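*Asks:* Residues per chain, in single letters:
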Amino acid sequence: MTGIIDYNTGNIRSVENALMRLGGDYVLTSDTEVLSACDRLILPGVGDAGYAMAQLRACGLDSFLKSCTMPVLGICLGMQLLCSYSEESDTDCLGIFPNLVRRFERSMPLKVPHVGWNDITGLDPVLYDGVPEGSYVYFVHSYFAEINEDTASVTTYGIPFSSSLRKGNFMGCQFHPEKSGDVGEKILSNFLKMEP
Amino acid sequence: MLAKRIIPCLDIKDGQTVKGVNFLSLKSVGDPVELAAAYSEQGADELVFLDISATLEGRKAFAGLVERIAMHINIPFTVGGGISSAEDAAVLLKAGADKVSINSAAVRNPALISDIASRFGSQCVVVAIDARQTGGEWRVTTHGGSRISDKELFSWAKEAERLGAGEILFTSMDHDGTCNGYACGQYRKLSGMLGIPVIASGGAGNAEHIAEVLSPEGGCADAALAASIFHYGTVRIPDLKHLLAARGIPVRTTATEWDLSIKNKL
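Each protein sequence line maps, in turn, to chains A and B.
1 is the number of the first residue of the first sequence in the numbering used here; add one for each residue after it.
1 is the number of the first residue of the second sequence in the numbering used here; add one for each residue after it.
Pulled out of the complex, with its shape left as it was, chain A reads as follows (with noise of 0.2 Å):
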């Protein structure tokens, strides 16, 4: 059982859509309880770091995930809420990777967001068992985590940056693997198969 971590933010429906879509049992909640059951955890995310972050404390996620032992994978702002902290409403996040998240600086001809399909490489075997480097998956983001020990994989958009991060049972995508065709469900099937 895979629980969607639901917290008052953004759009989780087409996160849903693709477990459906892979045949993957899964629950979307809020309460501990229930998702310290599960086998596996999502933590998606729209919008803004800082209202997220306030959402998760609020409904003391907070501490449950960085307690969490089995696989997570945060997904586009949910990524960014692992690493320690992000320019965006200058917000202290839950420091699981210690990456700092800034944002694109809007020089021509780099338009901000980045949005499309871009090409990942540098892939963790993990993460990424049976997806050929060079991949294209889809973006749409305006802050970006910087490359560290814990980088997944590298994407380039007017600098290169972590388009995945992965330590231990932690990882995080910065693009939406739920709307990279094949290659997006791939990866999301192999998440799914992790067991704790």
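Hints should not be assumed to be uniformly reliable.
What the hints assert, rightly or not - To give an idea of the interface, some chain B residues facing chain A are shown, with a C-beta separation under 7 Å as derived from the structure:
1. ASN74
2. ILE75
3. PRO76
4. GLY96
5. GLN123
6. MET193
7. GLY195
8. ILE249
9. ARG252
As the list claims (entries may be wrong) - Cβ-Cβ distance ranges computed for the label pairs, FRET-style:
10. B:ALA90 - A:ARG103: 22 to 28 Å
11. B:ASP150 - A:VAL126: 53 to 59 Å
12. B:ASN180 - A:ARG103: 40 to 46 Å
13. A:VAL27 - B:PRO216: 18 to 24 Å
14. A:THR29 - B:ASP150: 47 to 53 Å
Said to hold, decoys possible - These stretches of chain A come out as covered by chain B in the derived footprint (C-beta under 8 Å, 3 or more residues):
15. 17-27
16. 117-126
None of these hints come from the bench; they were simulated from the model.
Nothing here was measured: the structure is a model prediction, and the numbers come from that model.
Using N, Cα and C, we set each Cβ at its ideal position, and we do this for glycine too.
Could you slot chain B onto chain A? The hints should help.
*Replies:* Using the frame of chain A, we list chain B on its own:
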């Protein structure tokens, strides 16, 4: 490297796919979900569904259709047509659309752009602008091109960006349906003056036209939208991507044997 996007556009009336040639004389070209899945399989990077239903029943059918599309399609899609309030946008976004496209209602009430952007984020607000050349300037039109507004294309695009638009989808009404190519000069100017992506629409007759509007020497657009050439099979998306790649235009690798082998393993 960020790929240039290829976006088939499906006009929907009462839940069915149609394509207007110069927005007149509609001809049905199939079931929307089936067509969308086929395009996704071929390597379309995104899809746009425009509701051109005139009735309340038609609009309700559209919201139901959006749910079905979201369930079956694993690439991003935008919906538009008749969105006149943040509430209208909310219904479609909750049904599973990734972005909404607003057009006439934004011209009438520019605050609609900031209303939707502040509630759901700029990334889901596409401002569609229809314009035609009149008396030496590009004037914005509304209601499917039938009414000329008091706005001018470039200043309106800039204002839309300031209000929170995430992307600009400009259709030249002088080029739409002609199959003679896009209004490349206008896209080049828009792309140079805006800090948000520009989607080109209107005029594609062949793959070369799309290469031209996306190329740095041509229109510099971030994405190209077309309908008829895809619906009638004049241009196949895998062939188009092959041509674009050969011209040095970055594109997402299209459906390959690898994709299919992955699909079989899922």
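*Asks:* Look at each hint and say if it fits the structure.
*Replies:* Evaluated hints:
{"no.": "1", "hint": "ASN74", "verdict": "5 Å, holds"}
{"no.": "2", "hint": "ILE75", "verdict": "5 Å, holds"}
{"no.": "3", "hint": "PRO76", "verdict": "5 Å, holds"}
{"no.": "4", "hint": "GLY96", "verdict": "5 Å, holds"}
{"no.": "5", "hint": "GLN123", "verdict": "5 Å, holds"}
{"no.": "6", "hint": "MET193", "verdict": "10 Å, violated"}
{"no.": "7", "hint": "GLY195", "verdict": "5 Å, holds"}
{"no.": "8", "hint": "ILE249", "verdict": "13 Å, violated"}
{"no.": "9", "hint": "ARG252", "verdict": "4 Å, holds"}
{"no.": "10", "hint": "B:ALA90 - A:ARG103: 22 to 28 Å", "verdict": "27 Å, holds"}
{"no.": "11", "hint": "B:ASP150 - A:VAL126: 53 to 59 Å", "verdict": "58 Å, holds"}
{"no.": "12", "hint": "B:ASN180 - A:ARG103: 40 to 46 Å", "verdict": "41 Å, holds"}
{"no.": "13", "hint": "A:VAL27 - B:PRO216: 18 to 24 Å", "verdict": "48 Å, violated"}
{"no.": "14", "hint": "A:THR29 - B:ASP150: 47 to 53 Å", "verdict": "51 Å, holds"}
{"no.": "15", "hint": "17-27", "verdict": "holds (count 5)"}
{"no.": "16", "hint": "117-126", "verdict": "holds (count 3)"}
Checked against the numbered hints above, the structure breaks hints 6, 8, 13 and satisfies the rest.
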